[in-house]
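Residue numbers (the working numbering), protein chains in the order written: chain U, 1 to 254; chain E, 1 to 254.
By construction, these hints were calculated from the structure, which means they are not laboratory data.
Since we're looking at a predicted model, the values are computed, not measured.
Some clues are possibly wrong.
[Stated by the list, open to error] Below, a list of computed lysine-lysine pairs in the BS3-like style, where the Cα atoms sit at most 25 Å apart: (1) U:Lys80 - E:Lys153; (2) E:Lys153 - U:Lys13; (3) U:Lys80 - U:Lys189; (4) U:Lys189 - U:Lys252; (5) U:Lys80 - E:Lys150; (6) U:Lys252 - U:Lys76; (7) U:Lys252 - E:Lys150; (8) E:Lys44 - U:Lys252; (9) U:Lys13 - E:Lys150; (10) E:Lys153 - U:Lys76; (11) E:Lys250 - E:Lys44; (12) U:Lys80 - U:Lys13; (13) E:Lys150 - U:Lys76; (14) E:Lys190 - E:Lys153.
Now for the letters of each chain:
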Amino acid sequence: MNQVVAIAVNTFKETIRDRVLAVIVVFALLMIAGGLWLGSISLGEQGRMMKDFGLVAVTGFGLIVAVFVAAGLVHKEVEKRTVYVLFSKPVSRVAFISGKFAGLCATMAVVLVGMALFLFALVWIVDGEPSGMVLVAVLMVYVQLLAIMAVTIFFSTLGSAILASVLGICVFVAGQLSQNVLALTRLGKNPVTEALSWVIYVIIPNLAAVDVKAGVVGEQTLAWGQIGLWTLYLLAYVMVVLALAALVFRRKEF
Amino acid sequence: MAKAGQAIGSGSASGAQSGPAVLVSGLHKTVAVGFRRRKVEILKGVDLVVHHNEVFGLLGPNGAGKTTTVKIALGLMRPTAGTVRLGVEGLGRVGYLPENPYFYDYLSGQEFLDFCARLFGLDGDVRRERVEQLLRDVGLEAAARVHLRKYSKGMLQRVGIAQALVNDPELVLLDEPMTGLDPVGRVEVKRIIERLHERGKTVMFNSHILSDVHELCSRIAIMRGGRVVWQGAVAEALDEVPSLEDFFMKVVTA
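Take these sequences, add in the hints, and give me the full structure.
What follows is the structure in structure tokens.
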């Protein structure tokens, strides 16, 4: 356990000090602030536009950080041969993957807390009242990104960092759509397409199930019981994917 | 005794010192290369013995299989056939410096050594004292808080040696420890190896700098084409020819 904590702390320090991350966060904050301008041309819907646009920006930039940092995390260690130093010590591959993921979770938490507080402040300025739901929505974005980070780390144990990033983004998009695609294919009554979309639905994490953006802007009533269960499902999904990543990594030679 | 590819660290305290420090028997390694996965045999039956408390030099031209032998000993690669037995209680008693080491860009030298010490489970004051001592020993006290990306090649080599010694190992494996060092750095590393020898440690290192090998080693092995073609005492080698360079050339060109 101490090794997992040591690797997590090391990963956190390494990623949070990376200048590329700082640049991405600055761009994210500028993009969120762009919601003020969009609100100003939206005829009485300033607050809603601010929340809507801000949450999309938080999700988009959070996704960029998740896939690009996660993809490089394991791959860079192999490429630059720092794994020689780690695995010549009594460090297990499971501890390595767990520590890397935990460190990235901490980095992502810091990034999202920064963006969430900035958005919260802007919404307060525009609406004249604080909206705690904005913070809850960002928390659910974090849950989605945990799944994407785990999936990207898994892909990075199989191939290149670029491939892992691309596949991570693909899984994110598919995870937003898989629920709707399954519903649509059921309407079509074609057993082959229905079976295929069912397989995709099972393999790809159902991210749309914990997306509460529509509820925050008042377009949808949120069923919190179901959202809680889907959150547990995503956390279990993360554990399974990380276990698979560790299994693949155990077979690797350096 | 620990055995590569199996449970390193399963040895008992009494058994740890009874055999040689490193015993390599009939080691074979075949790897698949290229798109068509062509099989290449890089180790063709390596037999090697390193005794406790000796400084042992593993020599050979590039591609002879020196690094692969060491990697298998550490469990970084799996043998195709044969065994490597380490006469210490697992990787917790081994220190390793890889060739051309690369470490984490955004950690300072002190943070990196502290991280390595944590991986061995060293606690609080012991860890701090060990790290400070090692930074002094390798002459990096002044650069302790500088990020590793700002280190020169020689400084990285020194911090690499320090991380290999952070657990006060019984067996130290150094892959090209003098590479990238200026004359002062080389002298310092030689002194470190001499001090380790005086303290009863076993040191095995790969090097192309035969004058250093002559100065430091009591025994050597010469590899060529995936086999050990000669092993014995340095004095024995110098019975036949005036210098180690001459002996090396005679053996590898035979």
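Structure-based check of all given hints:
Of the pairs offered as hints, the one joining Lys80 (chain U) and Lys153 (chain E) holds, with about 14 Å between alpha carbons and a cut-off of 25 Å not exceeded. This hinted pair checks out: Lys153 (chain E) and Lys13 (chain U) have alpha carbons roughly 23 Å apart, not beyond 25 Å. At most 25 Å may separate the alpha-carbon atoms for a hinted pair to count; Lys80 (chain U) and Lys189 (chain U) exceed this at roughly 52 Å. Distance check on the hinted pair: Lys189 (chain U) and Lys252 (chain U) sit about 44 Å apart at the alpha-carbon level, beyond 25 Å; violated.
For a cut-off of 25 Å, the pair hint linking Lys80 (chain U) to Lys150 (chain E) stands: about 16 Å separates their Cα positions. In summary, the hint linking Lys252 (chain U) to Lys76 (chain U) is supported, as the alpha carbons are separated by about 15 Å, within the 25 Å threshold. Our distance criterion of 25 Å between C-alpha atoms is broken by Lys252 (chain U) and Lys150 (chain E), whose separation comes to about 31 Å. At roughly 22 Å between alpha-carbon atoms, Lys44 (chain E) and Lys252 (chain U) fall within 25 Å of each other, so this suggested pair holds.
For the given pair, Lys13 (chain U) sits about 16 Å from Lys150 (chain E) by alpha-carbon distance, which is consistent with the 25 Å threshold. Taking the CA atoms of Lys153 (chain E) and Lys76 (chain U), the gap is about 19 Å. The hint holds against a cut of 25 Å. Annotation: proposed proximity of Lys250 (chain E) to Lys44 (chain E) holds, straight-line Cα distance about 21 Å (limit 25 Å). Between Lys80 (chain U) and Lys13 (chain U) the CA atoms are separated by roughly 18 Å; this keeps the pair inside 25 Å, and the hint holds.
Distance hint between Lys150 (chain E) and Lys76 (chain U) is fulfilled; the C-alpha atoms sit about 18 Å from each other, no more than 25 Å. A threshold of 25 Å between alpha carbons decides the hint, and for Lys190 (chain E) with Lys153 (chain E) the separation of about 17 Å falls inside it, so the pair holds.
Violated hints for the displayed structure, listed by number in ascending order: 3, 4 and 7.
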